[in-house]
Amino acid sequence: MSAHADIHAHDDHGHHHKETFVTKYIFSQDHKMIAKQYLITGTIMGVIGIIMSLMFRMQIAWPEEPNVLFEALLGKWAPDGVMDADIYLALVTIHGTIMVFFVLTAGLSGTFSNLLIPLQIGARDMASGFLNMVSYWLFFLSSVIMVISLFVEAGPAAAGWTIYPPLSALPMAQGGSGMGMTLWLVSMAIFIASSLLGSLNYIVTVLNLRTKGMSMTRLPLTIWAFFITAVIGVISFPVLLSAALLLIMDRSFGTSFFLSDIFIQGEVLHYQGGSPVLFEHLFWFLGHPEVYIIILPAMGLVSEIMASNSRKPIFGYRAMIASILAIAFLSTIVWGHHMFVSGMNPFLGSVFTFTTLLIAIPSAVKAFNWITTLWKGNLQLNPAMLFSIGFVSTFITGGLTGIILGDSALDINVHDTYFVVAHFHLVMGISALYGMFAGIYHWYPKMFGRMLNKNLGYIHFWVTAVCAYGVFFPMHFIGMAGLPRRYYTNSNFPLFDDLANVNVIITIFALVGGAFQLVYLYNFFASIFFGKKAPQNPWKSTTLEWTTPVEHMHGNWPGEIPHVYRWAYDYSNPQHEEDFVPQNVPLKDGEEELHH
Amino acid sequence: MTALLTITILVFISIAIWQMVKIFDLAQPKNDNPGVATDKDNTINGYLMMGFLAFIYIITIVCIVLWGDLPLLSNSASEHGSTIDNLMIISLVLIFFVQTITQFLLHYFAFKYKGEKGKKALFFADNNKLEFIWTIIPVIVLAGLIIYGLNAWINITSVDESDDPMVVELYAQQFNWKARYAGADNTLGLSNVRLIDIDKANILGLDEADPNAQDDIITTELHLPVGKPVLFKMRSQDVLHSAYMPHFRAQMNCVPGMITQFGFTPTVTTKEMRERPDMIEKIQNINDIRVENSKVLIAKGEDALERYEFDYLLLCNKICGKSHYNMQMKIIVETEEEYNAWIKQQKVFKNSLIN
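Those sequence lines, one after another, are chains V and B. Position 550 of the first sequence, counted from 1, bears residue number 1073 in the numbering used here, the numbering being contiguous throughout. Position 14 of the second sequence, counted from 1, bears residue number 189 in the numbering used here, the numbering being contiguous throughout.
The hints are all genuine.
Beyond 12 Å from chain B on every Cβ pair, some chain V residues (computed):
hint, residue
1, Lys547
2, Ile567
3, Ser651
4, Phe663
5, Ala716
6, Val727
7, Met739
8, Val754
9, Val762
10, Leu769
11, Gly777
12, Gly810
13, Leu848
Simulated crosslink set (DSS-like; lysine-lysine; CA at most 30 Å straight-line):
hint, chain 1, residue 1, chain 2, residue 2
14, V, Lys1063, B, Lys287
15, V, Lys1111, B, Lys292
16, B, Lys294, V, Lys1063
Hints were generated in silico from the structure; no laboratory data involved. Just so you know, even glycine gets a beta-carbon here, dropped at the ideal spot from N, CA and C.
Same shape as in the complex, but just chain B (with noise of 0.2 Å):
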């Protein structure tokens, strides 16, 4: 029934627009060519140029006020998301830059040039110098950029090994995460997807017999000690996922199949980063939304939203099925006592097995 009647209203509401912009139609004076610009329209669209052009710049200043210094633009928490970030704040300004002059001249030049009956234009159809100029500047801005990005891109994706890195398995199903931490060999034991045994509490399909399976331990949360390189190794056991870390810069699809692999190290801790003004401000400034809106939810008789504290996230961020949208896990940066504590505390792979 209802679907009857909002259909009808649709019905309804096309056809209203429909004959408004009839009646608009046959308002329109008969004697001229509907369909040619006259020197009228040319000089009212000239004009609309230049506003669309102060629309343009607009959008942009807004949208850069309120919304541009986003703490996940400005505050990385790894070694290596600073240089992204200087590279990223680079390539904004040379585009705001060539956005801001392009646009002018695209407007300006339908401003100023409108047509006139009889006025004729330049013929002006080659300049070889023109077409070098902006032929060579673009190849040597973009020879800056590709030499920096690709510097940057190497020195994120090359694994150290010197560095000696914490080696911990990312594990994506559909839909949540677990993490696998190498234990005190640091070596991660044998897994196929294969190997798991629901019954006996092999979840991640370990293999049994491998000496370095013995001391792994998998959790559902990720603790990370500050400063400690840290290798990742990432594995999925169904669809395509994709572990994203935006605080960190670091982003990796996981395969079925296959093991892929991303590092940084972690600089800021969890405490350190919930003290930062700027985070204060921005939790701050969600938790004031959350209570607007947990008063209309209380109205309805619901529960109120919990209050929101700063956590750093693993999100996945490859389409995976109906519950991707909350296919997330909790990141947890602290010291290197916490995390021993921490540590302790979890369960080996061999004594969390059930015979």
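Chain V extracted, bound-state conformation (with noise of 0.2 Å):
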């Protein structure tokens, strides 16, 4: 196609690269690579951000009981094993900022944007290739930093994951916001900074590097969903940036952008006429749709997965391309619905009700397409399939009380409770990590060249499964019972005293669903070394992905990049004996294009 790809395959074709360890594993700047980068960095953020959330979870369960853990793991943070009350806001804290931004956006759009969008639109690799290095190694600096800031003499950052100043401003008002919160600033903007990059090179190569043939409405729904996603994000994550870098004015230069008449520990701030309020836009302009940019592409996965393993076309097509758009659309305009008690304009609140309701619009749509995909299937149930149906089973359980919490009447009595806890983890936080599951168990013969053992992933999947409803389930009624979240203890509070035991049962859930991870873990990282060899098609896709030989190679594919001319879903296409037809088959005489 361009000539840009053409020089790619001269290049490629006789292997003239010299690669040495450096080059090839460490600063690459194959797609591939940064791809498996970004997953190993996200899995290893994923494993610290799961165990803070267990040890919290046991604080709740148990509060103030002595823990050996907690000794071994928060030294001088439990003296004589018991957590004290800042270190438990510090790892409510880093474990949303960890599994928001640095597993499920970087880990899980950086991993399968970097690997599929060259591979399915027929492309070389990524537009550029430095940036996207760039941009993994801008990630893993600002990993490095978010962990050694949980070893800060103050302690880290422990204002919520949400930050909201003054709490978050004032080191006066909590030991976490001192250099804790400075180094969650620079980390976050350095993570925006590998964002922004990643996003602008996903966009550029999706309009430009598609090989002949490949027009937008024959792009598999997992490039549409990323497309998308990094335009979301372009247009959101540098609001968040401009947030953070006013806020680090504020702590630092005594500016007042959200800080005004403060009083605190017996004197006046000369702090005026800033507001907190203002920095509650800001942040949530990025905030909500960072929730779509993480589910985004976990609907984009489970698509393409649902209907290879359905061996059926996905379910119309273009309506659910029309609801990524609508999505995408709405995400940007319903941040205040996180704002309804924050002391704004009522007005303002009826406008985001409307808003945010409509969502539930294309929302619905997707799910009734979904299930509809699995109608009169040949399903396929490996395990990337059973993670993609319990995708689409906790976004319906999960994103059902969005109408509760989207409704501002309601929201009055339920905001900042459990209830919203139960919420977005079912509704975005399972969800997206089942999406990203399904996707590894998936594409991990596409990554690694051997294949996942199937049992293993059958028996992380129901054990996670149970484990996640188990879980979050509950935690609705606690929080319909106006229990708030993001206490240490609920023991000064008698009026909860019948909830405890319903805590003690979701720690257990937690601890069992938590321990299981480790089947995967091993799965994970013995099959790299022990597992089969994939073959080139293990699941029978039509996509280009698997039409790139087993063994990587710089550039993709050996000779010519294969040209397109099918989209992407003809599976069991009456036309053809085969129930899969490749994208690069060429139409048969007097074969009609079906659904294009």
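Now that you have both chains on their own, put them together as the hints suggest.
As structure tokens, then:
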């Protein structure tokens, strides 16, 4: 296609590149290697984030009881093994930050956008391999800084992952708002730079480097999802960057963007005229699109995996694209539903209620389309397929409670309770994690050239699925009973004593579910070395990535890039004997291109 | 030392799990491709899908039976509370209805159409009629919810001055609450945290020269006369807090540098609430739990837990620092006479200053 691609074709054909260990595994510019780097960094961050959640869950279930695990892992923050209240808030904060940004944004979108965009659109690599490499290393740097922030003297950031000022701005308000918060902000600023470089690269690549015949309406839904995700990221991440920079100015240079009239620890501070509500607006202008930045790639992966494993086209391909576009558009005008009780004008609350509830419509269309995709299929229940079905299940369960939280009148009473925690963990935490697992089980052969063990995958899925519901379903009920989130212990409220046993049940499910992730980790790392060699197209899929050789090579295809003649979902096409027709197979004589 | 021991034990447990997994792994038959589902896998997982559907239904029923009739869900103690509760119940019924059906379809299809070798799926890629149906149904249902919800929201948030609400300030600081009554003139005196003078006991930063401030009354308990509309003005002196009064279905953030507001009319006195049968049952249950917990404490040589009696509460519901989890104030709703008797005993601002 383009000159760029041709040059590469010449280069790579004879394997003239000399690769050293450093250029191949560390400062690689190859999108497949960068994808793996994202995945492994994300996995390590995920392990840290999940261990943190298990620790604070144990504190909630058995408040202020000595725990050897706390003593071992928290050191001075757990004198005699009893968790300190400050570190509890820090664990909650860093768990949220790590899972939202480092695992489900970089780990999910970073991994699969990098792996699949060039492979599925038929490109030799990303538009800029160098920027792609820089993007990963900025992400790595921000991860390192975030982990380092756990070890500062006064404790890591502890103002919640939303870091609302003044709490996050004033070191005298909370130990974690000192050096810990500075590192948090620096880490996030670098993270945003990384995310923007990545997103720009994805957008340019999808628009310019599609192979011959790959029109936008022949793209797999994965690519549509990654593409729109990147667009949302480019629109909204800079706003968070500006919020972070203004907060840094308030903290370190005496400005008053978010602060005004503060009396703390016996003295009046000089700040005058700023507003914390402004920060909330800036934060949620990213914060809400962010949940779609997380969930859209998962939706794309699930759509692709469901079609392939159902041996059926995805139902309503165009409606799926339309709903992605609708969700992306609406996602930028709903942020105020996090702020119904923030003190902003109630009229604004009405507007945001209206736009928020509208999002239920494209979401419902997607859910029904997935269910219809299963109807009269020939379902291959591979682990990736199970996680995809699990995704739809938790997305529905979690999404439905959104109509309560999005309704300003109802939000008054469940705002910031465990009801919210249950809602967002199901609809975007667990769902996106399932999407990520589905993607890993499905594309592992493409990434590592070996198969994951499916039986371990089955165990992993079923235990995780039961535990996820066991953790988050009862949580709705303690939330509706009025139990606020982010309480170190509820023992000062005898009113909630009858909910203590619910918290114990939740924690037990969490511990079991957490422990069984070891099965997955074993499967993942052991299979890199000992897994069975993968065939070229193990799932009999139609998309282009399965036409590349199993052994990775720079430039992806040994010869010319294949041309594309049909859409991505020719499964069980009645005009063919085989139940799948790859995109690069030309139409037969007299064959009609269906639904394109 | 304990730390080392714990880490060692954890490492051993991990190794044990790792090894068990490995044995399980090696025990698998060698000949089949370990990555791809066979017909047998499809059958087993198809049945497990139905099992999982049953699990979702069971956990739903168990949760509703055990924790579904929460007094907080049914017993609102404010005038607008019943509107919210009705809307909440309508939404929940709708959610459970949609949840039951969609989860059934999803898992049943996964079971019914589990793959078999040689079978071919139906090529069914598009149907505009179906797409139209499941676009238009949510549109209609949501339109209803939006209209009901917005109506409720506007009623709750608009302050009707003709009701002549009693004005009360809720003042938040790390980590406690204060209430300020406006006194006989029902007008709060001017205030700013810059005017705080701890030495003179002007702890809320009232303008000492403002005539409206002279009869203000600052208290650490919130007393409200039943049936009288009250308009809360919220202030915070340091970080964000949120005044959450779940029994009254009321919540509003307290923001440093600005004054926020929320109004409601309490309808049930504390005494009446304590005498409601479902509240008696709940409190009895809580006290039974406390007696059980006390046994453990006494065995450890600690004091037993006090018997709990119901009170309305104001909780902080916005993360505000170390003791966020214990930032609360008692609310007492009482008859007009009781309220008047109580407020008479409180010191007015001008008399509370130390000169």
